[in-house]
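Chemist: The residues making up each chain are set out below.
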Amino acid sequence: MFENAYELIVYIMTALGIYDSIFRVFEVLGIEYVLRIIIVFVEIVVLFAFALVTIMFLTWMERKVVAMVQARYGPMVTGPRGLLQPVMDGVKLIGKEDIIPDKADRWVFTLAPFIIFIPALLVFIPLPFGDSLVISNFKIGLLYIIAVSAISPIAILLAGWASNNKYSLMGAMRAVAQDISYTIPLALAAIAIVMFTGSLSMVDIVTAQGGTWFGVIPKWFIFLQPLGFILFLIASIAEMGRIPFDFQESESELVAGFFTEYSGMKFAMFFLAEYAHLFAVSGIVVTLFLGGWNGPAVPFIPVQITSLVYFLIKTYAVIFFAMWLRDTVPRMRIDQLLGLGWKVMVPVALLNLLVTGLLVTAGVI
Amino acid sequence: MNAAEELKNALPNSVVSISFQLDKPLAIIKKEDILKAATIARDMGFVHLSVITGIDYCDRYEVVYNFLSYVRKQNLVLKVILDHNNPVVDSLTSIWKGADWLERETYDLVGIKFSGHPDLKRILLPEGWAGHPLQKDYDMKTEQFVTIGDDGEDIVSTDGSNLLRRKYHGN
Amino acid sequence: METDELILNMGPVHPSTHGVLRFRLRMDGEIIKNCEIVMGYLHRGTEKLGEMKTYLQFIPYTDRLDYISAMPNNYAYVKAVEELAGIEVPQRAEYIRVMIMELNRIVNHIVSIGSLLMDLGAATMIMWGFRERETALQLFEQLCGARMTFNYIKPGGVREDLPEGFIPKLREWMKDMEKRLVDYEQLINDNEIFHMRMKDIGTISAQEAINYGLTGPSLRGSGVDYDMRKIEPYSIYPDIDFKACTRPEGDSYARYIVRIDEIKESLQILRQVIDSMPEGKIVSNAKYGIAPMTGSPSSVMTYFPRIFTPHAGEVYSRIEAPKGELGFYIVSDGTTKPYRVKIRSPSFCNLTAIPKMVQGLRIPDLIAAFGTIDVVLGDVDR
Amino acid sequence: MEKGGIRLDPVTIDTTKIKTIKRRPVTAIDKLEDTGMISTILAAREREGLILFSTIDQVFNWARLSSLWPVTSGLACCAIEMMATAMAHHDIARFGMEIFRASPRQADLMFVAGTVTKRMAPRVKKLYEMMAEPKWVIAVGACASTGGPYHESYSVLKGVDNIIPVDVYVPGCPPRPEAFLYAVIQLREKIKNEGYGAKWGLNK
Chain A
1 MFENAYELIV
11 YIMTALGIYD
21 SIFRVFEVLG
31 IEYVLRIIIV
41 FVEIVVLFAF
51 ALVTIMFLTW
61 MERKVVAMVQ
71 ARYGPMVTGP
81 RGLLQPVMDG
91 VKLIGKEDII
101 PDKADRWVFT
111 LAPFIIFIPA
121 LLVFIPLPFG
131 DSLVISNFKI
141 GLLYIIAVSA
151 ISPIAILLAG
161 WASNNKYSLM
171 GAMRAVAQDI
181 SYTIPLALAA
191 IAIVMFTGSL
201 SMVDIVTAQG
211 GTWFGVIPKW
221 FIFLQPLGFI
231 LFLIASIAEM
241 GRIPFDFQES
251 ESELVAGFFT
261 EYSGMKFAMF
271 FLAEYAHLFA
281 VSGIVVTLFL
291 GGWNGPAVPF
301 IPVQITSLVY
311 FLIKTYAVIF
321 FAMWLRDTVP
331 RMRIDQLLGL
341 GWKVMVPVAL
351 LNLLVTGLLV
361 TAGVI
Chain B
366 MNAAEELKNA
376 LPNSVVSISF
386 QLDKPLAIIK
396 KEDILKAATI
406 ARDMGFVHLS
416 VITGIDYCDR
426 YEVVYNFLSY
436 VRKQNLVLKV
446 ILDHNNPVVD
456 SLTSIWKGAD
466 WLERETYDLV
476 GIKFSGHPDL
486 KRILLPEGWA
496 GHPLQKDYDM
506 KTEQFVTIGD
516 DGEDIVSTDG
526 SNLLRRKYHG
536 N
Chain C
537 METDELILNM
547 GPVHPSTHGV
557 LRFRLRMDGE
567 IIKNCEIVMG
577 YLHRGTEKLG
587 EMKTYLQFIP
597 YTDRLDYISA
607 MPNNYAYVKA
617 VEELAGIEVP
627 QRAEYIRVMI
637 MELNRIVNHI
647 VSIGSLLMDL
657 GAATMIMWGF
667 RERETALQLF
677 EQLCGARMTF
687 NYIKPGGVRE
697 DLPEGFIPKL
707 REWMKDMEKR
717 LVDYEQLIND
727 NEIFHMRMKD
737 IGTISAQEAI
747 NYGLTGPSLR
757 GSGVDYDMRK
767 IEPYSIYPDI
777 DFKACTRPEG
787 DSYARYIVRI
797 DEIKESLQIL
807 RQVIDSMPEG
817 KIVSNAKYGI
827 APMTGSPSSV
837 MTYFPRIFTP
847 HAGEVYSRIE
857 APKGELGFYI
867 VSDGTTKPYR
877 VKIRSPSFCN
887 LTAIPKMVQG
897 LRIPDLIAAF
907 GTIDVVLGDV
917 DR
Chain D
919 MEKGGIRLDP
929 VTIDTTKIKT
939 IKRRPVTAID
949 KLEDTGMIST
959 ILAAREREGL
969 ILFSTIDQVF
979 NWARLSSLWP
989 VTSGLACCAI
999 EMMATAMAHH
1009 DIARFGMEIF
1019 RASPRQADLM
1029 FVAGTVTKRM
1039 APRVKKLYEM
1049 MAEPKWVIAV
1059 GACASTGGPY
1069 HESYSVLKGV
1079 DNIIPVDVYV
1089 PGCPPRPEAF
1099 LYAVIQLREK
1109 IKNEGYGAKW
1119 GLNK
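Residue numbers (the working numbering), protein chains in the order written: chain A, 1 to 365; chain B, 366 to 536; chain C, 537 to 918; chain D, 919 to 1122.
FYI, nobody ran anything at the bench for these hints, they're computed from the structure.
All C-beta atoms in this analysis are idealised placements derived from N, C-alpha and C, irrespective of residue type, glycine included.
Among the hints, erroneous ones may be present.
Which bits of chain C does chain D cover? Going by a derived footprint, with three or more residues having C-beta under 8 Å, they are [unchecked claim]:
#, region
1, 572-580
2, 592-600
3, 617-630
4, 657-666
5, 897-907
With the Cβ distance kept under 10 Å, some of the chain C side facing chain D (calculated, not the full set) [what the hints assert, rightly or not]:
#, residue
6, 555
7, 651
8, 670
9, 673
10, 698
11, 701
12, 703
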């Protein structure tokens, strides 16, 4: 309906009858752009607050899902059914001693957590949470997302190298090898989607999936691209670094992987970045293949709200799948994983791309 | 004919005497011929080297080997009697890889040396530990402490002041 | 390009060394060129303590050797002492011993498989496994009051008779266990990643396995049809119908499958033992002043002698513990304390083969191979 | 007004004055002394003069006691019971403690679960030193507390408190999982009464 959340806010304020008066104040002062900045700033604050709450909730959810699979209760004591547990963990980690090892590279060691945490949040910017609920509808949204998430291996490498610990270094090397090998099938699987839409904008991709075939089957790309969906899902789980592909951490082999030496708040940032990544990547999977925020309209409720609900339901379903997978399967071996990436997934993704291209050119779909 | 008698027939000069250890055939071997006897025992089908251990009898050391044959379902015990001053016997590592650690352990705890062992060093106690605990005259009164050096190696001393944070009430 | 070797110290505090073991790895990138095992971080001097304690006082220490399967340890020591002293054991006591040892074998294999899977990254199996273990431990607790360190088997019999309602509870547990076993197999055996991780990893041929002195499931996984219960039958095993589970491959997967098969076989043994459990005394009272205590409910409760003096002599007695051949070599000089106790522990001897197995593999393979060898550090370092 | 050993009334901070005062008025801390809770007293003594940070302390203490992450370090038999405590039946996760960190940097609590041998002692100490403050230690079982059944052995340290400070001792050989949980609850009680302003040097 609207291009982005800015226009939505302006529309709401206009509807409430306050926008014009505020705008006039700024107009008189000759600084209209300041109002624009303020509104964008509010948007970003809301987004980041939402992201942080989501991340905290995800850590709780992960522990509860693990507990459910493993026939346990999970956190119960702190807050109702342990809901306050992530808050407590966060406060505790803030209060922990911050250790920088003697032989570590101090600057890089301190910088690495930020380099991993900030891109994890930047991914949220072009992500359409609902109809009109997007911070910025880039024309190159998909490319931007792939590019930004490719920053995290650099941070991991910095962290692993700066720690001056053999386990950290090995974890970092593994993470980089893994991320590089899996970004390619990830991008190739995403390009097949772009062939349908002809646009890299995330909003366009979602809009293209609106409507149904025969009034029953939703027009999601998962039905047009089943192979692409599987490739993208596997690649994104590998990108997230979760079991069965959690080589960067792999507790039973490398103690704690690249963040072995981190403590306190810096460790918390790695921890949070992991879950931010989980949410973002699940959101991207939903946007590309599961119809994004599309869903049946509900009378009397604004589409912005229903679409947000649909998006969250789908995203949490994907997240639940990732958590479930983590509790069920063992870890692969790094060479097997790289073999899978280069020998199976890249050729299959290319083939998928070729077939899709032919079909689209022939006008079949 | 039991296994010990067979062994005596094969090596009449090496076997000092044969008897029984409860129901298991036992042969006492001259200490320089243990490798020969063990090879023959293996060829007789006693492929499983179950245990090597040493016993300190104050006037002598005895090294006991227990072999088992999976096919014949029989035991064979070999024994070597060593001098108390210089307990050295040939190592069986050339025949059984599994003898490696058993011999190291015997060296570590009882103090019997195995000549021909590729890497005879302490296994359970850290390098530098004074005495062999299973010798009867081992000094149980003296406390020994271990600290770690720069490369993670163990340093043994009787002074635990680097390690302990309060007065130590050991016995 | 110039490359350098990486020396990696895994342990003694590392999540997948099952305690305090240390691997000193010389690595070329991720490939292990040489693996040296450093141990002794849990060396508690049990053998020396054996010389300082009387025969009965030493039984609790055997519990703490292999603390996951303590009952076979009890039994191995007691069997050696019984052979040394020539004590007859009543039939019922032998049945109870075998029953409880087989139960302990199942518990041991559950823990072993669970921790293997945890090292591979799938933590669910160990949680499920410990659920069944916990109920089994409750049975142990009913029997002897302890969950892990039992001190239950004594020379001449067992400490207490079966409590009321024990057998029905055990039957219930077995029925439950059979159901759960299907769950485990669904969770693990059909998993493609598990196969990728385990097959052709840590392979050791039958010849080498014997040469390295491997015993137990580790040897049977290499295709050697051996089982101490068959080769040197003890207790009531000759009367029981069971088979030694073997697999020919000799890799990690084979060793894992052998353990699963052994759980099934142990359930089979348990069923036979329960069905033919005789009535009667649980302690022999002939020789060493063990007198039945009158007035106790089942009138088979007995005293054990505090002081116990076998004949002078020496004995080597072995059993098939869950991890392999567990032997006690005891030298008696005719006094109340052993002159020398030597423990031939399965974990110690099985561990010898690890450097051979992992040569040229990677760290994850080392963990997989190490997990299937099933080592308990109390048993290694003693 | 004083409650639970924490002074709530606003007092101007004058540390020099506090140091020179020889006789303090009777406080809740002194009352604690009668009950013999030495560790609590020591923690309270450290907090002498700490006024401003009492609320922060309360918040942090609550967070700390709610999220005790143990370090994965099993030494011997007790480690198996530690595992059993973490498993489904006893489920230490209820206290938010199921995150066993393999890296001591990220852990708050060390279960010294098992016999500390002479050879392991410096490693245990190093592990403790690697942990980030604030950190706690629970000595689990007879061996870690006193040497236990191995007290006479030549290679066993007679109590881990000879090398590192211990907060809670758990008897048993090995202790049951219920005893573990009880020890955890005791430690939570202890943390509730600790003060950190002093440790950070904020009130000097």
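Chemist: With a cut-off of 8 Å between beta carbons, are at least three residues of the region 897-907 of chain C near chain D?
Modeler: violated (count 0)
Chemist: Does residue 555/C pass the interface hint, meaning its C-beta sits closer than 10 Å to a C-beta of chain D?
Modeler: With Cβ-Cβ at 6 Å, under 10 Å, it holds.
Chemist: Can the region 657-666 of chain C be counted as covered by chain D under the rule of three residues or more with Cβ-Cβ separation shorter than 8 Å?
Modeler: holds (count 4)
Chemist: Quick one, is the residue 703/C hint okay against chain D at 10 Å, beta carbons?
Modeler: This hint is violated: residue 703/C lies away from chain D, its Cβ roughly 23 Å from the closest one there, beyond 10 Å.
Chemist: Can you take a look at whether the region 572-580 of chain C is actually covered by chain D? Rule is 3+ residues, C-beta closer than 8 Å.
Modeler: Per the Cβ count (5), the hint holds.
Chemist: Mind checking the CB of residue 670/C against every CB in chain D and telling me if the closest is under 10 Å?
Modeler: Constraint on residue 670/C satisfied, holds at 4 Å.
Chemist: Do three or more residues of the region 592-600 of chain C come closer than 8 Å to chain D, measuring C-beta to C-beta?
Modeler: This one holds; 3 residues, not fewer than the three required, reach chain D with a Cβ under 8 Å.
Chemist: Tell me if the interface restraint on residue 701/C is satisfied: Cβ within less than 10 Å of some Cβ in chain D.
Modeler: 21 Å, violated
Chemist: Report holds or violated for the interface hint on residue 651/C, using the least CB-CB distance to chain D and a cut-off of 10 Å.
Modeler: Because about 8 Å separates residue 651/C from the closest Cβ in chain D, which is inside the 10 Å limit, the hint holds.
Chemist: Taking 8 Å as the C-beta cutoff, is the stated coverage of the region 617-630 of chain C by chain D satisfied by three or more residues?
Modeler: violated (count 0)
Chemist: Have a go at the residue 673/C hint: is there a Cβ in chain D nearer than 10 Å to its own Cβ?
Modeler: Since chain D brings a Cβ to about 8 Å from residue 673/C, closer than 10 Å, the hint holds.
Chemist: Hey, does the residue 698/C contact hint survive, CB to chain D under 10 Å?
Modeler: With a closest approach of 22 Å, the residue 698/C hint is violated.
When each numbered hint is compared with the structure, violations occur for hints 3, 5, 10, 11, 12.
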